[in-house]
Structures are given as C-alpha cells and as structure tokens.
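Chemist: Residues per chain, in single letters:
There are 2 protein chains.
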Amino acid sequence: MQFNSVLESLDIYEAGKPIELVVREYGINPKDVVKLASNENPFGCSPKVQAKIAEILPKMALYPDDSMYELKEALAAKYSVNTRQVIIGAGSDQIIEFAVHAKLGRGQKVLMNGVTFAMYEIYAKHVGATILKTTSREHDLGQFLALYKEHKPEMIFICTPNNPTGDALDKTQLYDFLDQIDANTLVVVDGAYMEYTAYADPKKAVMVDDITSRYANVLYLGTFSKAYGLGGMRVGYGIGARNIIEALYKIRPPFNITTLSLQAAIEALKDEAFVLMSLKNNFEEIERYYDFAKEVGFEAIPSYTNFVTLLLPSTQSSKKVAQTLLEKGMIVRDLTGYGLNAIRVTIGTLEQNSQFFERFMQYCR
Amino acid sequence: MQFNSVLESLDIYEAGKPIELVVREYGINPKDVVKLASNENPFGCSPKVQAKIAEILPKMALYPDDSMYELKEALAAKYSVNTRQVIIGAGSDQIIEFAVHAKLGRGQKVLMNGVTFAMYEIYAKHVGATILKTTSREHDLGQFLALYKEHKPEMIFICTPNNPTGDALDKTQLYDFLDQIDANTLVVVDGAYMEYTAYADPKKAVMVDDITSRYANVLYLGTFSKAYGLGGMRVGYGIGARNIIEALYKIRPPFNITTLSLQAAIEALKDEAFVLMSLKNNFEEIERYYDFAKEVGFEAIPSYTNFVTLLLPSTQSSKKVAQTLLEKGMIVRDLTGYGLNAIRVTIGTLEQNSQFFERFMQYCR
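Top to bottom, those sequences are chains A and B. Quick note: the first sequence, position 117, residue 117 per the working numbering, numbers continuous. Quick note: the second sequence, position 41, residue 41 per the working numbering, numbers continuous.
In isolation and in its complexed conformation, chain A is listed as follows (with noise of 0.2 Å):
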C-alpha cells in the first residue's frame, strides 16, 4: 500500500527503556531497576493528588470535561493571562504537534538548535517541513538571528533549559532576540522544565507573562511531567496570544487528556510545597554529580534542570556505558541519537544517585 511520502523521512520513534523492560529483558528484580532516564520527578507526584485520584475513580467511565476550565482557570491565574490564551495537551509534546501542524506546511521552514528536543524535528517532518538547524549544542542566538535572517523561517523553536544539555538562556538574551523576529514567524518557547531554572536563576526564569504581553507570536510550553511529577499521566499546556491558540484549538482532538489527569494537573498546582521541595533536593543533589564528574574526568554541563549531561571522553563510548549499566539495572540515556557521546542522567533521590555513582564505578571504570 502507497502511503503519505512524509512517511519516508520518519522512523519509529524509540523512546526511554521503561523498568518493564529491563525486569523483561534482563531478569532483574524491579526492586533493583534504578530509572534515571526519563527526567521524572524521583519523588513521585504529591502525595494530595494521589488521594485526590484514588477517591475519583469511579471516574474513568466519564469523558473529561472538555472546557477544561478549571484548569485553565488556575494556570491562567497562575501566569496572570487571560482563559483564552490557555490550551491543554497530552504533554506539551501534543502542543508541539498542534502548533507544527497548525502552522506549517510542506516546504515550509522550521528553525531549531542543533542539539535539542527530538519531537520539535519528528512533528515538522510530519508535514514535509523543511528543517534549519543551527551548529550549536548549546543554544547560539547568534547563530539562530543568522539563519533566521538568512532563510525566513515561519517558525522557530526554542528550548529554555535546553533537552538533553540542560543550559538555559539568559532572558535578557531571548527578550533580546524575539525583539528581532517579525509579527508572522511563530516562535515557540518551549520551558518544560523552567521550574528548576527559575529556582537555580531568577536572571533565565522566563515569565509567561512578559513574553505573552510583549510579543504576539510566541507560544510558551510549560508541563506536569517534571517539576510537578506527573510524567505518566501527560498533561502540558501551551499559552500565548488568542489567535494562535484558536488556531491550535483547530488542531486539538476532542478530549485529549484523560479524566484523571485532568484532576491530577488541578491538583497538583495546588501543591506548590511539593514542587519546592523537589526543587530544593534537585540542586542539593547535582552539586554529587558535578563533584562524580571531576573525580572521574568527564566535562558535566552546568544544568539547570533535573538532569545532568555527561560527555564521554572520546576513550569511552556512551552508547556501550548505557548498555552496561541497563544491563546491571540503571536506566540512564545515551545521547548518541543526538550527535553526543554523553549520558543524560535524571537527578534522583540520594539513594538512586549514590546507586549510579556505585554502579557507574563498578561496572564502567
């Protein structure tokens, strides 16, 4: 059968090996797996939305409430915008595909750096977009006005803290370039993980509110997968101006998040101590894995996420470190696919970190 000849630029997408698997494929017991790959919260979600989950679930028989109101009430509130400039995904990834979809079309331009989140290159190829990328691993807003100026891009992407190297973009510095970008490009700020840089570094905390009143075509993604700890129920959400999220609204399928997780991101926002205290174990504990890299001689990216990137002397190949380590039950996420020879590893509770360091030591010296 002939299909859509997009499909010939895609693969099947490969996503972090879940402890499933590894108990599965490995036999270990899943008392043992350690996963530090997939950046979620090691704590868990708040302890107030699991009870909140467990006395709803009679539940799952009924469709959400599509309006999705109380939730967008509360970010709106949250951020200081307006309903209307609130939508809801299955993760911010779904907003990612809105907005491409939305936006874009084949032969269109798409600019984004070169080492970043994998889903921005996979959804543009969705529709026959043509992909810019710049040459940096860290995000090089020089390098980003550059290409713009040169190609004229309808869109661009930009990740603050950046996936997989976790740097984070001064804001003066993207304040600086969005002033640069005409009315019709439509530029998404993509902050999944802004909780912890906005808690390590007031001076890269983007706020929503200041892109949202100065600049009409950005769209901002924030999440619950990370800070909030709610990486398996998928719930992101995109803000910005009205006309760009009617636009998306065009795209979204009816009823794309699932009743739970509509109660759970509700929940969840109420908790803010939670968020803080994941927040606050989050830095106490990557100052051990800045303290592992030295003592071992690889270059750690100072990050202002929950995870860390390791490049690998050029001596030791990261795509075998993971293997080994999946193989002895640590899930950490080898950054070959992105052009690195690194690790991506999630900064876990101390015990989970103090199990890398020992296994790391163990098996990949």
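Incorrect hints may appear among the rest.
A pair counts as met if it fits within one copy or between any two copies, since identical chains are not told apart.
Think about it this way: if two alpha-carbon atoms lie no more than 27 Å apart in a straight line, the pair counts; the simulated DSSO-like pairs of lysine-lysine are [what the hints assert, rightly or not]:
#1 K72 - K31
#2 K294 - K78
#3 K48 - K109
#4 K203 - K320
#5 K294 - K31
#6 K31 - K270
#7 K203 - K78
#8 K31 - K48
#9 K72 - K152
#10 K109 - K125
#11 K152 - K78
#12 K328 - K203
#13 K280 - K31
#14 K171 - K52
#15 K109 - K152
Derived by calculation from the structure, the hints in this document are not laboratory data.
Given the structure of chain A, go ahead and fit chain B onto it with the hints provided.
Modeler: Leaving out everything else, chain B in the frame of chain A:
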C-alpha cells in the same frame, strides 16, 4: 499571524456537555444530573480495574511502557493476530488521526457515510483532503461502491455499528463490499461499539481475524471507551496488516496514553464478566426506549449499540428538546449538527432511563 490554509475549513470542535458544565451553568445539584449524551458505560468500569489503579497511583510520575507490550499481547491473543498488527491510541480517535495522516495528503479523497462519526471528516480536513459522502443516513454500501468506482478515493471509512445512528451492517454484506476494493485503498472499519453488536446479532459481528486474514488493506478500530467503561481513560486500538501498522507507528507520538490508562486497559480485558453484564443490561433496557418511542410517536432507529437515536417529528425541534432537557439536568445529544432532527440517548441504568422518560414527559410534551 498567518496559519496553514487547512485551518480555514476547520471549526473548533464542540464536545458533549460534561456534568460539570451543567452544574456550573444551571446551578443543578450534581446528584440530579443524568448524563446520557456520550455513550459511556452507565455501570462505570470494572471494580477490578478500579482496585488495580488504586494500587499503582505512585506510578503517575512514571512514563508508561511505550512498547505497550502487555496490552498488545492481550489484544493479539484476544483477536488471534500478531502483536505487530496492533497499535494503541488515545482512544480509537487517535488511530483515525494516525491513519488519515499516514495515508492522505492535500487533495486526496476519502469516502464516508452521509451521517457518521464526525472525526473522520475533521481529521481529513486537517490534511486538506477532499471529502466524499453518500446521501444515506444508515450505511448504504451500494452508494459507497458507486462513489468508489466513480472517484477512486484513497481511503474509505465504514462505521459499523454506525455512530450516531446505531445501525450495523451484516458481515457478509461488508465482506462482499471489501472484496471489490483495490489493495491500495485504505479501508477503516470502525467497530467502536462492536461488542454490543456482536451480543445482539452474530450475523453483524465483524470478526477481526477474518478481516485481517482476508484483507491487507483494512484497518479495524476498537476501543475501551464503551463496553469496557473506560471513556475517561482514552484507550483505543487499531488492528491490521503489518505494513499499515508500521506506517501508523511513524505518526504515533511516544507515550500517547497515560500510565494509568495502559494498566486500566490491561485489567479491563481480564474482566469479561463485567462487559457481559453491561451488554445484557443494555439490551434489556433498550426495549424500554422502543416502547417509549412508540408511546410518544417517534421513530427509533433499531440500535446495535449502547445508544438509541430518536427521530423527532417536524413539529418538534431536537435542538430545543435537548436544551430543555439540559436545563433540567438531563444531558442527551442533539443531532442537528449531523443534519438530523433527532436526539441520541445513551442507554443508562434502569433508574437513569426512567429519569429520561419522566423528564421528557414532564418537560418536552
């Protein structure tokens, strides 16, 4: 800002009204609201599913096993197919989306029934496809064949039983039709309500393994949202030849269902007794709707699903009837948007159905 021109043909989809909205807008006590609008299972989901989900709430933080190994194994066993012939979606809706994007490009053609599930047309518009429709209310395969021969569409949707009319095709009729379609035309057979049909009339029970072994160009869709009572969890599936499933996989975003949804679907498949109880109640209660229709002089389309479509006489507007009932806390689906002066009512529990008859007689006569 300029967007993709396909957006010009798209409206924002208005989903069925949730209970929350009726409570909010009409100040009705949530306990007095009866929702018979979205074809949810009135018994909720299996208590065994609820018990399992209660156990795994801490997993809300963890991304799901994206291989969906266990669920695909269970479905493959149920339908006697290979796991590589199975794909999971956020509702069967999402499989429709994958199929349209994988098969159709701008200007290509898709054929469907005159009155049928709205999302076929909406997703086709996303990619700028040309939509062909029969003039029939219930599926008329003669008209389908004539239009197929005239226009040679790249894709065909068959919805059996059909939503929102409730009628179902005899399987021999369907197979005779499929025999005449060329191998490069993708035919989607949407069996979202097939459990009900199979219970009511084996002659209309389309067998998935028959379909997949006989037709390399047919994609069968099923869902956990109806008979399995998991409408709020958004899990559906597509089954077909491996090359079709592989094409859809290229369009599938990673982690497209939640961790809890995946587990809920796995558990739901284990409790067929719950499904059987739901089916039995459904076809006992549906008789009361037929009696009611006779009593008030409406035509009820004989239904092979968990809903019944009542065609109103021209003296009564379905839009008004649905609105009157809504304001009294009884949510049903007006079908004006489908070109019918009719309401679609989900078969509820004995009490819910009695409520419908009572409130209708009180407020709409």
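Chemist: So, for every hint listed, does it hold in this structure?
Modeler: Now the hints, each set against the structure:
1. K72 - K31: between (38 Å within a copy, 25 Å between copies)
2. K294 - K78: neither (39 Å within a copy, 54 Å between copies)
3. K48 - K109: neither (44 Å within a copy, 50 Å between copies)
4. K203 - K320: This pair counts as neither: shortest intra-copy Cα distance 38 Å, inter-copy 56 Å.
5. K294 - K31: Answer is neither; intra-copy 30 Å and inter-copy 62 Å both fail.
6. K31 - K270: Between copies only: 26 Å across chains, 31 Å inside a chain, cut-off 27 Å.
7. K203 - K78: Close inside one copy (20 Å), not across copies (56 Å); limit 27 Å.
8. K31 - K48: For K31 and K48, both the intra-copy (25 Å) and inter-copy (25 Å) Cα distances are at most 27 Å.
9. K72 - K152: neither (33 Å within a copy, 44 Å between copies)
10. K109 - K125: both (11 Å within a copy, 22 Å between copies)
11. K152 - K78: neither (34 Å within a copy, 52 Å between copies)
12. K328 - K203: neither (40 Å within a copy, 54 Å between copies)
13. K280 - K31: Within one copy only: 26 Å inside, 43 Å across.
14. K171 - K52: neither (36 Å within a copy, 45 Å between copies)
15. K109 - K152: Within one copy only: 8 Å inside, 33 Å across.
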